[in-house]
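Engineer: Starting from the known structure of chain A, arrange chain B on it as the hints suggest.
The primary structure of each chain is shown beneath.
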Amino acid sequence: MQTKLFKLLPLMAAVTLAACSKPEEKKAAPAADAAKPAAAAAGDSIVVKIGSGAPKSGEIAHLGKDNENGAQLAVNEINAKGDLKIGGKKVTLELVGEDDAGDPKQGPVVAQKLVDAGAVAVVGHLNSGVSIPANKVYADAGMVQVSPSSTNPDYTLKGNKTPKGSVSSYRVVATDAKQGPSVAKFIMEKGAKNVVVLDDATQYGKGLADQVEKTLKDGKVNVVAREAATDKTTDFKAILTKVKAMNPDYIFWGGMDATAAPLVKQMKELGLKATLASADGACTEKLIELAGDAAEGVICSVAGFPLEKMAKGKEFVANYEKAFSGQKVQIYSPFAYDAVYAIVDAMKKADSADREAIAAAMPKVSIDGLIGKIEFEPTGDIKGGAITIYNIGAKKLNVATIIQ
Amino acid sequence: MLETLVQTLINGIVVGSIYAMVALGYTMVYGILGIINFAHGEVMMIGAMVAMTVATLLLKAGLPVLLVLILAAIAAMVVCMILSYTIEKVAYRPLRNAPKLAPLITAIGVSFLLQSIAQLVWGLEHFPFPELLPSKRIILFGDVGITMREIVIVIVSLIMMTGLLTLVNKTKLGRAMRATSENVGVTGLMGVNPNKVISATFMIGAALAAIAGILYAMNAGGKVHFFMGFMPGMKAFIAAVLGGIGNIPGAVVGGLALGLAEALGAGYISSEYQDVFAFVVLVVVLIFRPSGLLGQRTADRA
Numbered sequence: 413m414q415t416k417l418f419k420l421l422p423l424m425a426a427v428t429l430a431a432c433s434k435p436e437e438k439k440a441a442p443a444a445d446a447a448k449p450a451a452a453a454a455g456d457s458i459v460v461k462i463g464s465g466a467p468k469s470g471e472i473a474h475l476g477k478d479n480e481n482g483a484q485l486a487v488n489e490i491n492a493k494g495d496l497k498i499g500g501k502k503v504t505l506e507l508v509g510e511d512d513a514g515d516p517k518q519g520p521v522v523a524q525k526l527v528d529a530g531a532v533a534v535v536g537h538l539n540s541g542v543s544i545p546a547n548k549v550y551a552d553a554g555m556v557q558v559s560p561s562s563t564n565p566d567y568t569l570k571g572n573k574t575p576k577g578s579v580s581s582y583r584v585v586a587t588d589a590k591q592g593p594s595v596a597k598f599i600m601e602k603g604a605k606n607v608v609v610l611d612d613a614t615q616y617g618k619g620l621a622d623q624v625e626k627t628l629k630d631g632k633v634n635v636v637a638r639e640a641a642t643d644k645t646t647d648f649k650a651i652l653t654k655v656k657a658m659n660p661d662y663i664f665w666g667g668m669d670a671t672a673a674p675l676v677k678q679m680k681e682l683g684l685k686a687t688l689a690s691a692d693g694a695c696t697e698k699l700i701e702l703a704g705d706a707a708e709g710v711i712c713s714v715a716g717f718p719l720e721k722m723a724k725g726k727e728f729v730a731n732y733e734k735a736f737s738g739q740k741v742q743i744y745s746p747f748a749y750d751a752v753y754a755i756v757d758a759m760k761k762a763d764s765a766d767r768e769a770i771a772a773a774m775p776k777v778s779i780d781g782l783i784g785k786i787e788f789e790p791t792g793d794i795k796g797g798a799i800t801i802y803n804i805g806a807k808k809l810n811v812a813t814i815i816q
Numbered sequence: 197m198l199e200t201l202v203q204t205l206i207n208g209i210v211v212g213s214i215y216a217m218v219a220l221g222y223t224m225v226y227g228i229l230g231i232i233n234f235a236h237g238e239v240m241m242i243g244a245m246v247a248m249t250v251a252t253l254l255l256k257a258g259l260p261v262l263l264v265l266i267l268a269a270i271a272a273m274v275v276c277m278i279l280s281y282t283i284e285k286v287a288y289r290p291l292r293n294a295p296k297l298a299p300l301i302t303a304i305g306v307s308f309l310l311q312s313i314a315q316l317v318w319g320l321e322h323f324p325f326p327e328l329l330p331s332k333r334i335i336l337f338g339d340v341g342i343t344m345r346e347i348v349i350v351i352v353s354l355i356m357m358t359g360l361l362t363l364v365n366k367t368k369l370g371r372a373m374r375a376t377s378e379n380v381g382v383t384g385l386m387g388v389n390p391n392k393v394i395s396a397t398f399m400i401g402a403a404l405a406a407i408a409g410i411l412y413a414m415n416a417g418g419k420v421h422f423f424m425g426f427m428p429g430m431k432a433f434i435a436a437v438l439g440g441i442g443n444i445p446g447a448v449v450g451g452l453a454l455g456l457a458e459a460l461g462a463g464y465i466s467s468e469y470q471d472v473f474a475f476v477v478l479v480v481v482l483i484f485r486p487s488g489l490l491g492q493r494t495a496d497r498a
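Heads up: the sequence lines are chains A and B, in that order.
Numbering of the first sequence is given in our numbering, commencing with residue 413 and proceeding in unit increments.
Numbering of the second sequence is given in our numbering, commencing with residue 197 and proceeding in unit increments.
Just so you know, these hints were derived from the structure itself, not from any lab.
Accuracy of the hints is not assured; some may be wrong.
Derived EDC-like pairs: lysine to aspartate or glutamate, alpha-carbon spacing no greater than 16 Å straight-line [stated by the list, open to error]:
#1 K332/B with D705/A
#2 K776/A with E789/A
#3 K808/A with D661/A
#4 K618/A with E468/B
#5 K680/A with E327/B
#6 K680/A with D339/B
#7 K570/A with D552/A
Just the calculated beta-carbon pair ranges, DEER-fashion [to be verified]:
#8 R638/A with V317/B: 34 to 42 Å
#9 V472/B with K740/A: 32 to 40 Å
#10 E708/A with V317/B: 45 to 53 Å
#11 V317/B with K605/A: 43 to 51 Å
#12 R638/A with K368/B: 57 to 65 Å
We treat Cβ as the ideally placed atom computed from N, Cα and C, and that holds for glycine.
Chain B extracted, bound-state conformation:
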């Protein structure tokens, strides 16, 4: 019984770490612009698809696995950053002074557009994602185990969060980001180019999404598919709201809380409703703590 519980908790933390990574992207964009970038899940999907293509080719060419992993990750990050930069410029920037509803709708439009592009480029099939991280089970105690890949996932998500916090709080770009989040117009008057700051925010978020996409693809059964970004994107959005949207540690706490809620719910209540638990958690949090777990009225947004 105890072993099952511990294993379930581990499963939850691993899945939660992935949600957290994607949630960081939502929370950053929301923090700075106050909009929900619903295309973020699809950016993650594109990242995974690109990494799959590159990795498959390089593995065939006979490169060592670690090198392939690094090159595939770089390729995915570059593509996603360019993509995200373009999305911001084409779909969000012209609407920056429009009511908040307008960019929300274009975000959904962009999300469908990216799905269709992926369909055109890669087709309808599921593709196996090469095993770039060892998935051999390491026994912790009794029947409880964890794979190297899962350990990497948890560590990477923590590195991402601390890296992002340092960036926001300790660097010049971070200061500009914080300033932009306070007031885009006034920041411009202070000699900071808000367009550049916003583009940078989108690109950082996209790089995180690319890595999250790769780890998600490896973890979720080792396959990629043009539709794979939708659900994790939705869950990460919930995680971001759950933790207090606009708050970086909040995204991680929200992601972990959501992952655990799902794993426990699926393990002990009913696995058929695994996806429902996320939405139930969202509703409950919005009723009792509308600003999220770590959110506060004057949350220091990214």
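With the rest of the complex left out, here is chain A:
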């Protein structure tokens, strides 16, 4: 029996690996008609497809679904109003959602699927690590990608151009180049002396942690350790045991809520006195739900205004909970919602549902969105972009300060 097993082992390893990383699907060569997007004309009305790429499976599926819901809500609203006209034709929007599993390898695959499906622009992706590799595919198709939540600066800095030279990578969220230093400065003001900086080894987490580390070091704060876990880690005891001896007063976590919760719980269990600081990925109600009492005192930031400070925030929450019963606004859905409106505004300005025409019109976008005024820098980043710092207390996210 035993010898048989070991003959099987290489095969099992292969199968396991295949299970770990879903094999990259063969990219379908974009058919000639797919390059011409999405205008299934029916009389004097047309259907225009907008893509949505977000993780709907895996560790952060709840955030991915939230993004897609946000975009869907905007699409529903625009369709219900029925006053969107392009070239004199009534437009019905259709959201095409694809699951990228939060996996960088899936980014280009999903992008190609959306391009082939005839989407004219894309809301997504959630993770910087996915948005960045996906952008090349969108750009090559002459398409605009508007991320509601990818905060890594590289996404726009290293963004690609469409064949006609328009910027392809946009986002409606402030970058980590702004968010990281904001959190770092906040904890410095709170008297941080010895800080441990941890990240989840993703493009988002690491990029953010790098920004925080740099700001802290510039501010002469002692960064006593810089460590990384992964985006699936639930057992942080090894790292925490090691850093405990260094007596940090703050631990910064560059990662998501699903990992921040076990981290902060285990900090308390191991008797660490440090305060956890983190950023938008962990700044959610879910963190409080998962970590319970351990979440008290956590400091975290969100790129953008807090939902309750948004002019129509309450209305949005109500509409959201009505449309998707049983689900709650997580964090980025208002951004995804506005991303759809930004794309539609570009469509109106171009008076066309052509991919390149939309891309060319994007710099002219100017709307009063849910999250505030939306206009873009030439790079594709949002102009302005506030950072809100929260302090978790009494099982709630309380606004500590808003940095403009």
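Structural biologist: Positioned in the frame of chain A, the structure of chain B alone reads:
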């Protein structure tokens, strides 16, 4: 320095005990049928999910914590046993005489199926697992501490192993299991119904997985998620191979060795590669001791 080392070792033993509990299920099924039940990690996940649902409801109803723990554990065990019984009957039994590759592939299929079912039932979110065991830190000396929950985990895994050894070596069912592991066909001729024995093996393994799932959920940050079974399942499989698959004490030794290797590796080398150490240990063991730490050619399989 010493305190950090001792704390790291404690962390390793606790995590290792959980791996050991799950590994017992792998090793039993392998011992008796010679197949790797890759769906075992997902059975564990379902156990944790069921326990979370039941415990959350009962706590809301105001039952005392200890009672909730017992009821949730029973519910999880029952569901997992029924599930495992069904899996064996549907996915493995028809393939019992097929090449060993076939049940391996259905096992992976079942594992994905269970994940999808969990997605449908519970959705994509992470759920907090109620704190049913006290997680207050007890200081041993200096800065070294352990929680009540962690002590329970270690004790439960030892009880499971001794219980299983007694079952296999001292009971009638155990004798039938040992006989079945020698030769399914001949056992049938001797008046033992091998189907019943095999079903019983799967159900015992599932009950252990349910308890392991509950303890894992509490230990790994107190949350459950449809994807949570994959990694511990993989690690437990490695632990089983490491200890000598088919060998009950081997599963425990393998689990502990793996837990310690991970804790020390993450603590002293790099935490980013915590999951990699398990696979490195697997490769090293397969090179130098292909039958596992306690495995031997004629290992007395469960």
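Engineer: Is it true that the C-beta distance of R638/A to V317/B lies inside 34 to 42 Å, as the hint says?
Structural biologist: Roughly 40 Å apart at Cβ, these two residues keep to the hinted range, so it holds.
Engineer: Given the hint of 57 to 65 Å, is the C-beta distance from R638/A to K368/B inside that range or not?
Structural biologist: Since the Cβ atoms of R638/A and K368/B sit about 59 Å apart, the hinted range of 57 to 65 Å holds.
Engineer: Quick check: does the Cβ-Cβ distance between V317/B and K605/A fall within 43 to 51 Å?
Structural biologist: The hinted range 43 to 51 Å holds for V317/B and K605/A, with Cβ atoms some 48 Å apart.
Engineer: Mind checking the hinted window 32 to 40 Å against the Cβ distance between V472/B and K740/A?
Structural biologist: holds, 36 Å
Engineer: Is K680/A within 16 Å of E327/B, Cα to Cα?
Structural biologist: Since the Cα atoms of K680/A and E327/B sit roughly 14 Å apart, the hinted pair holds (cutoff 16 Å).
Engineer: Would the hint linking K808/A and D661/A be met if the CA-CA limit is 16 Å?
Structural biologist: Answer violated: K808/A to D661/A is near 22 Å, above 16 Å.
Engineer: Is the straight-line distance between the alpha-carbon of K332/B and that of D705/A 16 Å or less?
Structural biologist: The hint holds at about 13 Å.
Engineer: Does the Cβ pair E708/A, V317/B satisfy 45 to 53 Å?
Structural biologist: violated, 31 Å
Engineer: Verify the proposed pairing of K680/A with D339/B, using a straight-line Cα cut of 16 Å.
Structural biologist: holds, 13 Å
Engineer: For a C-alpha distance cap of 16 Å, please report whether K570/A and D552/A respect it.
Structural biologist: holds, 14 Å
Engineer: Starting from K776/A, check that the Cα of E789/A is at most 16 Å away, please.
Structural biologist: Measuring from Cα to Cα gives roughly 10 Å; hence the hint holds.
Engineer: Quickly compare the C-alpha distance for K618/A and E468/B to 16 Å and report which way the hint goes.
Structural biologist: holds, 12 Å
Hints 3 and 10 from the list above are not met by this structure, while the remaining hints are.
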